[in-house]
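Please dock the two separately framed chains into a single complex, following the hints provided.
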Amino acid sequence: MKKLSILIFVLALGCGVEEVTPTTPVDDNFMTGMATKINMGVIMGVNHTVSGTATIYEQDGKYTLVLDPFQSQNGPDLKVYLSKDIGAKTFIRLGVLKSTTGKQSYALPANINLSEYPYAHIWCEAFSVEFARAMLN
Amino acid sequence: MKKVLILLISLVPFLSWSQIKYGDVTGAVGHREGSLSAMYTYAWQLGAKKKFEIGIAGRFTTYLGQNQYYITAPAKLTSGSTGPLVIFKENIAANIDTFLIQSPQVNALNIAIHLGYQVSNKISVGFNIDALGFSFGSKKSGSYINGVFGQQEQAKPTAFNALLISDNDLGSLNSELFLKYQLKDNWGIKSGLQFLFTEYTTDTEVQQTPEPNSRFRDKSLLFAFGLYKNF
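Sequence order for the protein chains is A and B. Counting along the first sequence from 1, when you hit position 34 you're at 34 in the numbering used here, and nothing is skipped either side. In short: position in the second sequence from 1, add 137, done, that's the numbering used here.
Possibly wrong hints are sitting among the right ones.
[Stated by the list, open to error] Computed beta-carbon distance windows for the label pairs:
| # | chain 1 | residue 1 | chain 2 | residue 2 | range |
| --- | --- | --- | --- | --- | --- |
| 1 | A | 115 | B | 242 | 36 to 42 angstroms |
| 2 | B | 208 | A | 116 | 26 to 32 angstroms |
| 3 | A | 49 | B | 158 | 56 to 62 angstroms |
| 4 | A | 38 | B | 348 | 33 to 39 angstroms |
| 5 | B | 328 | A | 114 | 52 to 58 angstroms |
[Unchecked claim] Below, a list of computed lysine-lysine pairs in the DSS-like style, where the Cα atoms sit at most 30 angstroms apart:
| # | chain 1 | residue 1 | chain 2 | residue 2 |
| --- | --- | --- | --- | --- |
| 6 | A | 79 | A | 103 |
| 7 | B | 321 | B | 186 |
| 8 | A | 84 | B | 293 |
| 9 | A | 62 | A | 98 |
| 10 | A | 79 | B | 259 |
| 11 | B | 366 | B | 188 |
| 12 | B | 276 | A | 89 |
| 13 | B | 186 | B | 140 |
| 14 | B | 226 | A | 79 |
| 15 | A | 84 | B | 277 |
[To be verified] A short, non-exhaustive set of chain A residues, derived as facing chain B with CB atoms under 8 angstroms:
| # | residue |
| --- | --- |
| 16 | 89 |
| 17 | 90 |
| 18 | 93 |
| 19 | 96 |
| 20 | 109 |
| 21 | 126 |
| 22 | 127 |
These aren't lab readings, by the way, just hints derived from the structure by calculation. Here a beta-carbon is modelled for each residue, glycine too, at the ideal position from N, C-alpha and C.
Isolated chain B, as found in the complex (with noise of 0.2 angstroms):
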């Protein structure tokens, strides 16, 4: 009993929080391609010195393409299986085609995990990722390319965007592991890595071989750069 009253006693500064509320746009660039998000956080202050931040968030992505090669996206075809322990499988290169578009461009709108951490008073780090959403766009043509054989088809952004695992992943989701620094009261800038997944659905299964399958999904690294406001 005394060791269960000492645990809470000292979980009380962790159990004391203020709110705060803020939003950002970031533009991100990688190798022939980019995107601009922007967001809008809701998160709660952690711990005794509220250094601690965690929250949550909508984040409208739009992001636009050149020449990018979307690859098979169900984990069942890529790590052969669909279970939580795929994130430490190999791919299966022998499952996996591509489907090339030339100019993707996908809109996303996703409610989103925020997680945060005042390193000082002006310095602070973060990460997020998309959780739930969906996806928008025009269709695109692009070339699904199985070894020697191609093929040209129409494909749309995948409309239901959800966090899994690792290639569970559905549809368009963004991500981003960023420092924050202060330039003013209520605002300042934001620099960081933003890895981005794009998906597209063809208007046929293109691809037959091991199954059946319409999906196929770019991953970016973009380097991202922003501005954020305090409300």
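The shape of chain A in the complex, shown without the other chains (with noise of 0.2 angstroms):
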């Protein structure tokens, strides 16, 4: 019973097509000179290369978190989060990593209480892994 279900369960990821993260080099046009540093932090890979640094602009009462310099080991539905804490159990969602390697930007919602996220993450969604995380002092 047993190996028929892990049979399945095989059979059924082989189905699977995963999702990566493109790897041409990004260059959004976000201009840090215009805007305010809030905070930054240093990014750490998790079990993974990672590096890089994320920083939080204001600009125009809307804040925006800048990942340059950056560069990350490629995986499957990685996503930018901001979290309350270091496990990211409660967090934001900032949307699909872009590239893998490039300087790129990533809006933050309106009316946030930036003190109450002061982390950030490279995060696999889908198999709930974290790549890398920095905290934002």
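Given below as structure tokens:
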């Protein structure tokens, strides 16, 4: 019974097509010189090879998270999160990671209380695996 | 009176029946998901040529998935009402949130309804659907997603299963539309489509708008293949 279940599971997995993040370098046209830096943190890989800096800017009353520089190991269904806690139990999804490399910006929701969300994460949503995090100070 | 007599006489062929019992084992696969089910059916063959079948069955289904997106289950939220006409109503997208489970695994034991028709000596078609039962399985972690906001939470398979109408259904229910081909005297193969509902209940009511909710459902369309044996 168990072997049959495993067989079905493997067959089902075989039907899946993994979505991977584009590897073409991006360069979002976010003018950091025109914005106010609110906080920032160094991106540290969590069991994955990821590096860079995450910075939150304010411009015209709107907040934006900018990853620059940024370099990440590829993976399926990678998302950018802000979270209230280190394990991302409560989080905000900023969007799909645009590329594994290059400067990229993500708009934050309006009326967000930044002091409640001190962590940025690169998160594989489908498999619930954290790729990297930065503590924003 | 004459008309009634004619009607009764014309019904006589349909009032004769014989009994048939068989069991089957079916595997079904879909996108990152699959199921294995075992079913025992007790049916009555009706009609002059015994071509029609109606019966009841007991079915055990075990479901395995990977990264499955469960959605808000209660009809009151998905359709805005709970009446029998809910089947004709459009889903209210604004009320439907998601609960992503990395490795859902649900076991369900249900009483099912069976309908069949003997096309030829070797070929028959049929439909069955779970009606009542219970589910069990271990607690799983998942991510509740409401737009840009998310929260990790634990959930267990909804314990009680009941076939109602459309999204009024409760719990985990399996159904199949199948074709059977008899290979030997007492056994053969079956193939078809399996439509499987599985449902999880989160530890807390993670969904708060438009009203609190903890039930999330996955509707899986799977390709099924199995073996059956007549007893």
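Evaluation of the provided hints:
{"no.": "1", "hint": "115(A) to 242(B): 36 to 42 angstroms", "in the structure": "39 angstroms, holds"}
{"no.": "2", "hint": "208(B) to 116(A): 26 to 32 angstroms", "in the structure": "27 angstroms, holds"}
{"no.": "3", "hint": "49(A) to 158(B): 56 to 62 angstroms", "in the structure": "60 angstroms, holds"}
{"no.": "4", "hint": "38(A) to 348(B): 33 to 39 angstroms", "in the structure": "36 angstroms, holds"}
{"no.": "5", "hint": "328(B) to 114(A): 52 to 58 angstroms", "in the structure": "56 angstroms, holds"}
{"no.": "6", "hint": "79(A) to 103(A)", "in the structure": "15 angstroms, holds"}
{"no.": "7", "hint": "321(B) to 186(B)", "in the structure": "21 angstroms, holds"}
{"no.": "8", "hint": "84(A) to 293(B)", "in the structure": "25 angstroms, holds"}
{"no.": "9", "hint": "62(A) to 98(A)", "in the structure": "20 angstroms, holds"}
{"no.": "10", "hint": "79(A) to 259(B)", "in the structure": "53 angstroms, violated"}
{"no.": "11", "hint": "366(B) to 188(B)", "in the structure": "18 angstroms, holds"}
{"no.": "12", "hint": "276(B) to 89(A)", "in the structure": "17 angstroms, holds"}
{"no.": "13", "hint": "186(B) to 140(B)", "in the structure": "24 angstroms, holds"}
{"no.": "14", "hint": "226(B) to 79(A)", "in the structure": "34 angstroms, violated"}
{"no.": "15", "hint": "84(A) to 277(B)", "in the structure": "22 angstroms, holds"}
{"no.": "16", "hint": "89", "in the structure": "5 angstroms, holds"}
{"no.": "17", "hint": "90", "in the structure": "5 angstroms, holds"}
{"no.": "18", "hint": "93", "in the structure": "5 angstroms, holds"}
{"no.": "19", "hint": "96", "in the structure": "12 angstroms, violated"}
{"no.": "20", "hint": "109", "in the structure": "6 angstroms, holds"}
{"no.": "21", "hint": "126", "in the structure": "4 angstroms, holds"}
{"no.": "22", "hint": "127", "in the structure": "6 angstroms, holds"}
Hint compliance for this structure: hints 10, 14 and 19 are broken, all remaining hints hold.
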